[in-house]
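K.L.:
Following the hints, put chain B in place on chain A, whose structure we already have.
Protein chains in written order, with the UniProt record's numbering: chain A, 1 to 624; chain B, 1 to 624.
Quick caveat, the hints were computed from the structure, so don't treat them as lab data. Hints may be right or wrong, so weigh each one.
Repeated chains share a single entry, so a pair holds when one copy, or any two copies, can fit it.
[Said to hold, decoys possible] Subject to a maximum C-alpha distance of 35 Å in a straight line, what follows is the list of computed DSBU-like cross-link-like pairs (lysine-lysine):
1) K141 with K58
2) K141 with K233
3) K31 with K58
There are 2 protein chains.
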Amino acid sequence: MSATPDAVSTSRSPAAGTRGRWRPVGLADAKITGGFWSPRQQRNGDSAIPSGQDQLEKAGNLQNLRLAAGIGEGEAIGPVFADSDVYKWLEAAAWEYGRNPSEELLQRQRDLTAIVAAAQREDGYLDSVVQLRYGDEGRYKQLVWSHEHYCAGHLIQAAVAQVRCTGDRELLEVAIKLADHLVATFGDGKTVDVDGHPVIEMALVELYRETGTAAYLDLARWFVDARGHGIIKNHGHEPAYFSDRVPVREATTVEGHSVRAVYLAAGATDVAVETGDTELLEALKRQFAHMWSTKTYVTGGLGARWEGEAFGDEYELPSDRAYAETCAAIGGIQWAWRMLLATGEASYADAIERMLYNGFLAGVSLAGTEYFYVNALQLRGGAHADNGRSPAHGRRGWFDCACCPPNIMRTLASLDGYLASTSDGAIQIHQYVAGTLTAGEVTLTVETAYPWDGAVGITASGPIAVELRIPAWAEGATVNGKPVDAGTYAQVDAAAGDVIELKLPMATRVVGADPRVDAVRGCVALERGPLVYAVEQTDQEANVDDLHLLPQASVAASHDDQLLDGFTVLRTRGRAGTGHRDAVWPFATDSADGVGDEVDVVAVPYYAWANREIGAMRVWLPRG
Amino acid sequence: MSATPDAVSTSRSPAAGTRGRWRPVGLADAKITGGFWSPRQQRNGDSAIPSGQDQLEKAGNLQNLRLAAGIGEGEAIGPVFADSDVYKWLEAAAWEYGRNPSEELLQRQRDLTAIVAAAQREDGYLDSVVQLRYGDEGRYKQLVWSHEHYCAGHLIQAAVAQVRCTGDRELLEVAIKLADHLVATFGDGKTVDVDGHPVIEMALVELYRETGTAAYLDLARWFVDARGHGIIKNHGHEPAYFSDRVPVREATTVEGHSVRAVYLAAGATDVAVETGDTELLEALKRQFAHMWSTKTYVTGGLGARWEGEAFGDEYELPSDRAYAETCAAIGGIQWAWRMLLATGEASYADAIERMLYNGFLAGVSLAGTEYFYVNALQLRGGAHADNGRSPAHGRRGWFDCACCPPNIMRTLASLDGYLASTSDGAIQIHQYVAGTLTAGEVTLTVETAYPWDGAVGITASGPIAVELRIPAWAEGATVNGKPVDAGTYAQVDAAAGDVIELKLPMATRVVGADPRVDAVRGCVALERGPLVYAVEQTDQEANVDDLHLLPQASVAASHDDQLLDGFTVLRTRGRAGTGHRDAVWPFATDSADGVGDEVDVVAVPYYAWANREIGAMRVWLPRG
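Extracted from the complex, chain A is given alone in its bound form (with noise of 0.2 Å):
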C-alpha cells in the first residue's frame, strides 16, 4: 500500500485548480538541499517530530484515541480539540517522509493511523473527546467549543498528505468516511451550524483535490458563507471572536481570534479559487490587505490581544503584549499562499518571507524541540513569567494547548512546497534557498547563501522562462548585472546552461513605524535582508529597556559562524538612557530622558532570541 515519493505524481502542496493563476510545485518538483532551511528541516525530522510524538504520549492524546477505539478503560484527558495535535503530527509525519523517507517514520504513521481507524465510529463519526465524555448523543451538540470539525479538518489535511507523500491510503479511507459523514449531516435543510475554529473549509477543499468529489467542495462553500449571519450565539465571546459578525463576502478586515480569523480566510481563498468566485477573492484581497496595513507587527507576527488571542483595532500592535501566535503566522503563510497562487501579485510572496523568517521562525528554537506560543516584540527586564505562553518562560517543550509545535512541524517539513509556482511555459521562483526546482524536463540548480548573503545563482538544465521575486524591500537588486523593480517578479529566459545571477541588496534598513502605531512612536527597527532583528540583554552593556540608538550612528553587518547556528551581526551606536530610577511618579513636567553614556549595541536576528538565554529583548528601539 506504500509507494516511494518518486511514485507519486499528485502535488505537495495544496492544488490550485483552473482558475488560480499560478499552480503549485509538484512533490519531487523543489527540494531544498542546503543553505539556511536545510538544518532546520534536518532537527525537524531527527528531533522534534519523534520528540512531539512523545509528547502526545505523554499528554494523553494518543490515549484518547486508543480509548475511543476501544483499548483500554479510562476517561479523556486534555482538551477537546485534543485529537487535532495526533492529525497535525501525521500530516508533519508525512511531508517528512516526503522529505526524507524512512521505513522507522512509516512505521510510525502506520501505528498511529490504526488506532485512529480503530476510534472512528461505524457511521464515519470521529472524535475522541467527544466520543469518551459525551457519547454519540453529544455529538455536533456544542459546535462552537467543541472543536469536532477542526479536528476533522486536521484529519482530512493528514490524510491527504500522507497518500500524496506515503501513497498509504489508510487515513485517506477514514477521512472520506469522515468527510462524508459531514456531507450527510451539515448543509441546508439539515444541521444548519458551523465550528467554533474553522479549518475544516481549507481541508474539504484540498480533499476535493484529491478525490474530485465535488460534495466537499460544496459544503466547503456552505461553511464559508454560512458565518457572518449570527449562526454562533451567546457562548461567552462576541460573534467577532468566531469571525462571525460579518460575512466573509461583506468583510473589510480581519478580526477577532487570530489563527480561527486566517485559518477561515485562507479556506474561503480556497473556495473563491475552486468556485471561480471572483467577489469573494476580491473580497479576501481587501481583508488581507487591511490586515497587512493596519494589523500586522512588523515581524509578520499576527494578532495583537492576549484576550481572545484577538486581532486588535487598526494600529493596535503593543510590542510587550504582542501575542503573535506561532499558528497565527502558520495560517497567515497559508493565507498568503493561496492569495499569492490565485492572483500572481509579488506582495503576498513578501509577505509569506516576512512571516517565515520572523513571526513564524522565532516560534521555535535553534535545537527545533522548544516553542513560544506568544510571540513578543518586547521583554523588559524581570518581567514576571504569570502565564504559561508568557515569553518570559523562554521557549517551551509542549503547552496545555499544543497547537503550535506540530503546526510548527508540519509547516517545516513542508516547506518546500512553498519555494516555487509554474505557469504555462514558466517558473516562478518565490523563496530563495539552495536546492533544486523542476518544471517539466527543465531542472534548476540554486545557490545561495540567502539570508545572509543577496547573492543567488540559478543554474538552468535547459530552456525556460523564469520569474523571480524581486522583494519589494530590494531597491537596487539586479538580475544578470541589469536592474530590476523591486515589488515585481523579473523575467529571464533562460538556454539549457544559463546562470542567472540574481543580486539583491543587503544593506541594513533602518525602519520608522506609521506614526499611528502609538505603541512603537519615536521608535526604529532594524532589517537586513528578509530578517527583523531585536537586541536582546546577553549583547549589550547598556540596560535594554534604557537604551537608546544615536540618530545618525551607522550600523555595520559581520557574519558570525560561531554565534549559535551562525548568523549576521549587527553592531550600532545607541546611549543608555538615565530614565527617573528614583521618581515617585512617572508623569512630570521634566519626564524628557536624560543622556546618557555613549555605548555599543549589537543586534541579533530576532528569531533567533532567547536561544542562549531568557532576558530583555526589543525590536524597537527609541531613537534620538
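P.N.:
Coordinates of chain B only, in the frame set by chain A:
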C-alpha cells in the same frame, strides 16, 4: 432597633486603631454640602442606588438569596459571587442613609436584610449560590473560585455600615454569626485555605473594630499570612494571579489580578495597623511605592492587562488596552486611605485625589447610572467592541459581572469620610470640597469651587490646629498669602472666626512620561489641578487618531457652565498628522509623519469623556 445618624457615634470610616498616626473623622463630622461632589452624591442616591436594586432583581441576585431562604423554587442564577453585589448595594444604601436619611431607603435595606438573614444557615454559613448549587457538602470545597469569603467580606462591610448609619443590628448579627463560623472553620489546625479573591481581611478587621472581638483580627492576620506559600495551586492561573506567589510581608510589588491585589494590600494594612506590625507596614509602603512609580496610569488607573485583569510588568502601561478596572481604582483608594492614616504621608492623599477625580470618576456617567468596567486612556476611531466590557460600547447600565456599579455607589455615598482626619488637637484636610468638618467642639466650614478654582476658604468656629494638604503638583501654593511647600501638610493655627485662605495654582500642566513607559513615548498629557484631561473626537477639527500637539503652543483654560454639568475646557493648538493612509505596509524607512494642517485642539476632563458620544479619545497626545 433603628437610630438616627446623629445618635451614632462610631466612625463612618475604618477606624485607625491606636497605632495609626491619624484617625478618620466620625460619621457626622464630615459633610459634603456643595461644590463638585454634592450633585454626584445626589444622583447616586436619587438614581443609581434605586436603579441598582432593580438591576439586582433583574439579574437574579436577590432571587438567589430568596431561594436559599426557602422562598420559591429554582436554581441559582449568575456568577458564583452574585451575593457580593447585593452586599455592596446594602453598604451603599447604608452610607446613603447616613448622608441623607429617608424612610423609603431604610425600608429597602430592611427588606433586603430580612432576605439575607433568612438565607443564612443555622450554623452561620451563608452563600446563596453555593447553598443552591452545591449544598452543605460543597462548602469551601473550591474556595479558590467560589468567592465564599469574598461574599462574606462584603456582607460584613455592609453590616458595619448599616449599624453605624442606621443603628439597625440585624445585618450585624448575620455578619457576626458568619464571622464566628469562619473563625471556627479556618486557621491552623482547622481548614487551611484562603479565598481566591481577597476582601475578607479588610472586613474582619472592621468587624473587630466594631465589636472588639479579637478573634476576627486574628483570623484576618492569619488569612494575610497564609498567602504566598503556594496555598492556591493548579487552578488555571499561576499563583501570582491570586497574590499567592510571594508572602505579603516579602513582596516588593503588586502583581496579578489588580482588584484582588489592592484589596489584599488594604486588608494587610489594616492588620498591620491594628497589630502594630511595623515590618508588615514597611512591606506595604514598599509595594505601594513600586505600584505608584511603575504600574499606575496617569489617571491613577490600576491594572494594565485585560488577560487576568492584571497588573503588568514595570512601565507596561498601554493607553488603548488599559484595563484600569473601576473596582481597582476603588480598591486603590481604600488602600491609600489606610496608608495615609497609618503614616500621615501626604503622598497617599495625593494618590487618593488622582484616583478619585480620574480613574474612579470616569467609571460612572454624569447621570450616575451607567458605568465603565474598563477605563481605557485611548479609544481609536471605529474601534469595534468585541467584549461586553469594551470601552467601545460606552458606559453600560449593568454587567454580567456587576462588581463595579455597586462598588461605585458605596464609594460615592461614603465619600465624606475621606475628606479629613484628626489627631490630638489637630485636624487634617485631605480633599477640598465645600462642606463642614468637625473636630471636637470646633467646626470648619469649607467653601471652594475646587477643582475648577484653586481658592479654598476655611472658616473655623473655634481655635484649632489645621493641617492642609498641599498637593505635590501645587508648586507655588499659598496659605494666607504665604508660600507653602507642595507635597506636605501646611500647618495653621486658627482662632475662632478665622478664615484660612488656601490658594492652589491652577495653571495647566503639560506632563510627559518616564521614558521607560514605552506606550506613550513622545506624548504628553494635560493636567489642571487634580484633573487629567482627554481629547474627544466630538470636540476636534482633526481626526483624533492623527492629532499632534504643537510643541510650544500655550494652553488656555475657560470654564463652561453649559457643557454637560459644567467644567473647565482646555484649548491649545495642534496639527493633523498625514499618516500614511495609502501605505500597503506601515513599517518603512520613511515612516516619519508628514506635516498636516494646524488645528484647534479642545480637551475636556477625562472623567467626562463618553458622556456625549462614544468616539475616538486620547489622554496622551503625540507632541511634535
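K.L.:
Now tell me if each hint is right for this structure.
P.N.:
Hint by hint, here is what the structure shows:
With identical chains, the CA atoms of K141 and K58 are at most 35 Å apart both within one copy (29 Å) and between copies (29 Å). Both within a single protomer and between protomers do K141 and K233 lie at most 35 Å apart by alpha-carbon distance, with minima of 13 Å and 32 Å respectively. In this assembly of identical chains, the alpha carbons of K31 and K58 lie at most 35 Å apart only when taken from the same copy (34 Å versus 66 Å across copies).
Hint violations for this structure: none, all hints satisfied.
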